[in-house]
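One letter stands for each residue in the lines below.
Protein chains: 2
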Amino acid sequence: MATTGLKDLQTLVSLCKRRGFVFQSSEIYGGLNSCWDYGPLGADFKFNVKMSWWKVMTRRPDIVGLDAAILMHPMVWKASGHIDGFTDPLSDCKSCKTRFRVDQAPLKDGKTICPNCGSKEITEPRNFNLMFKTFMGPVEDAANVVYLRPETAQGIFVNFENVQTSMRKKIPFGIAQIGKSFRNEITPGNFTFRTREFEQMEMQYFVKPGSDMDWFEKWKETRLKHYDTLGFKKNSLRFKEHGPKELAHYARAAFDVQYEFPFGWQELEGIHNRGDFDLTQHSKFSGKKLEYFDEAAKEKFVPYVIETAVGCDRLVLALLCNAYEEETLAGKEGADKEAGDGAADTRIVMRFKPNLAPVQVACLPLSKKPDLQEISNKIRDDLAEDFRADYDESASIGKRYRRQDEIGTPLCLTVDFDTLTDKKVTIRHRDTMTQDRVEMSRLKEYVNEKMKSF
Amino acid sequence: MATTGLKDLQTLVSLCKRRGFVFQSSEIYGGLNSCWDYGPLGADFKFNVKMSWWKVMTRRPDIVGLDAAILMHPMVWKASGHIDGFTDPLSDCKSCKTRFRVDQAPLKDGKTICPNCGSKEITEPRNFNLMFKTFMGPVEDAANVVYLRPETAQGIFVNFENVQTSMRKKIPFGIAQIGKSFRNEITPGNFTFRTREFEQMEMQYFVKPGSDMDWFEKWKETRLKHYDTLGFKKNSLRFKEHGPKELAHYARAAFDVQYEFPFGWQELEGIHNRGDFDLTQHSKFSGKKLEYFDEAAKEKFVPYVIETAVGCDRLVLALLCNAYEEETLAGKEGADKEAGDGAADTRIVMRFKPNLAPVQVACLPLSKKPDLQEISNKIRDDLAEDFRADYDESASIGKRYRRQDEIGTPLCLTVDFDTLTDKKVTIRHRDTMTQDRVEMSRLKEYVNEKMKSF
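Going line by line, the protein sequences match chains G and R. Those letters in the first sequence? Residues 1 to 454, by this note's numbering. Those letters in the second sequence? Residues 1 to 454, by this note's numbering.
Don't read these hints as lab results, they were simulated from the structure. Hints should not be assumed to be uniformly reliable.
The calculated lysine-lysine pairs, modelled on DSS-like cross-linking and capped at a C-alpha distance of 30 Å, are [unchecked claim]:
hint, chain 1, residue 1, chain 2, residue 2
1, G, K450, G, K332
2, R, K300, G, K17
3, G, K444, R, K50
4, R, K170, G, K444
5, G, K55, R, K353
6, G, K55, R, K444
7, G, K133, R, K97
8, R, K17, G, K369
9, R, K337, R, K233
10, R, K284, R, K368
11, R, K180, G, K133
12, R, K120, R, K97
13, G, K180, R, K133
14, R, K233, R, K353
15, G, K298, R, K17
16, G, K332, G, K233
17, R, K225, R, K240
The shape of chain G in the complex, shown without the other chains:
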């Protein structure tokens, strides 16, 4: 018996398409560069990952949610620095007209050359803004330019006062948000890792100045505990504190959570001490004081912000990579029996945590006999009230097990001819391939227990 993890991204891309996790956007039209659609299983899986974050954040008494619009007033981006500073340096090749990033271009004899044709005749670099620009209203002129937000964070900062007042929150408190952002990246890539349209899960925690580094440390700890619950393998994550020279202009401290993808270590989440940069900037540009009045101390101050910012699509991709395993089953208990039922003796298995798995339990009639179909469908409908439950009747039972392994279904439930008399079903476990015989009357209770147990 041998087990290997994911070796190359293409293997995962194929599985994702074959099994309904991720499709290329507009594929029938040749696709749209760097845009991806979540298929049925991917949509559910991503939703479960989002819910895990949302619950761990907003079930705390000190954090509330928010759902701000993607379109915001352009002054927001002036204040945040995105209009002036959110740029990449681009040059044009005078020969082949390719436009490219100068800071990533190849050099020849110490001179930048065109990455497409190799010409040395290139224009001076110009700063290209990464925000997507559009026009609101019927007139396409400068007065009506708006941007698709390049980050969700600013939606939280500009709503700070409305949230604090309406929810009567006392500092320290946080605001959490999940939503789409857009960046016109010059070089997107690596499947869903770097895309122009992406989803963020951000939480900004407002604290009293002076307590900020304590809270920065606390949030590092709290976030790492969440990763422990998601099922990451040992040593697949690493943590990187930024040195003073690596810090963004708004940050007083920064800490990355990184995952080892097949294409290398990459950031999943950043935890930042943003100080009072954002509220001060918005105060300056809006003319509105964004302060907090501390009733106990009778003093006003501009809160500092500790931010935890997760790239949702990246986290989903990391969890897909992490879950992937190929297994040679010779010698594994239970595998021989499954081989006898038509299953291959190797398998691909997605080892999702049961609470994240897109399908939690699959209901399989042993054959297409109407009475077995009827019982299986009824069980599926019952279980579907509380769990994500699937029904499958095609091919041999062994082949169906392999299919469920490949989409990471923790439990398969088989209705056979004995079920008709003993009112029991066989439950087969994804990871161990062992089987239990369980009474139909206590199925919900059994499944519920198993969903929590690994």
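Knowing the structure of chain G, use the given hints to seat chain R on it.
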């Protein structure tokens, strides 16, 4: 005792801001026309409405989910007809330069005049496309134009084959999706009713031609049952079948679900028989056959589509309007006692269904004594594992009840001095204002029961 519903929209807009349901987007910068942000309670409420729809759709064995990107290949919009036909006729006033919709402009002596200055000197109408346009990649030219999707439906049609194949679905089956769409409306308005950025909940159900009108009728019934579970008052909804002349070019039959807003009857949902219009168009423009092979009948066909399309923000707004009540409490059982505890003898109450309420149970210590605070916080944390639970210790208990009424919290739970010895808490019901004394040990069970019972 007298009860009145919502009379004007502005009353709701104020409540929504005051209590953290909805804020104007970028309000500190003077707002962005027609853009709104969901505050903490609004975000939770909207999420619950979406979950209600998502569950009722995707827990069925014949419907799967999808989460397609907002940015799609421009040919999608050529095929769908949006590039050529999704337009409003606009004219410019030669005198004051206002641009306006000709089909909604005032007339004088049978001639269109400028709605701003009244001038008769206006340009010939031009068709203005309602899609938001932007550029993907670093070059702003025609080759790189992309659009923000004006509807989620096309994401489902272009993924039809990938979904059907990967999920091995047999017709009839449906694909459900929730997501943002964007329309550059000339005249947005009525709070969150008509906005340029909005969220849709769409389901496209693929059927065999000939069975389409049966399925159209079935989906009308099924959708109406869902509205019954959302808590709409009697006669607040009406249903309208379109006559042959009212049908959109793609529709063979159409049926509206309308709600009576303070500003009149307006559509919440459309149920359409789209025939094979969409798959045929995409087949024609992509050159890819979008057919289904019926194994039993050994025949190929292009499926017909029954669509159910809900405006999510509209449904949320309708439910907010529907829940709003002002009540004069004189004579109401329980009200006198609350008046003795500092509560006003009138109240605003949001009568949300408990499963949709943003806060389901509020934990209130009778006073700020540390032992009462400690027990209340512990109860809140326990309940927060399964419910949306809040904690509030400021002001008199009567005032806190009124505050919870205004955000629609079904249950208030008060920890008092007797709790220390009898291990019981008082549970006060939003609608009846009656109280129960409940043992702390069976609180979860009690709350769980109540959440299902009204």
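Where does the structure disagree with the numbered hints, that is, which hint numbers, in rising order?
8 and 10
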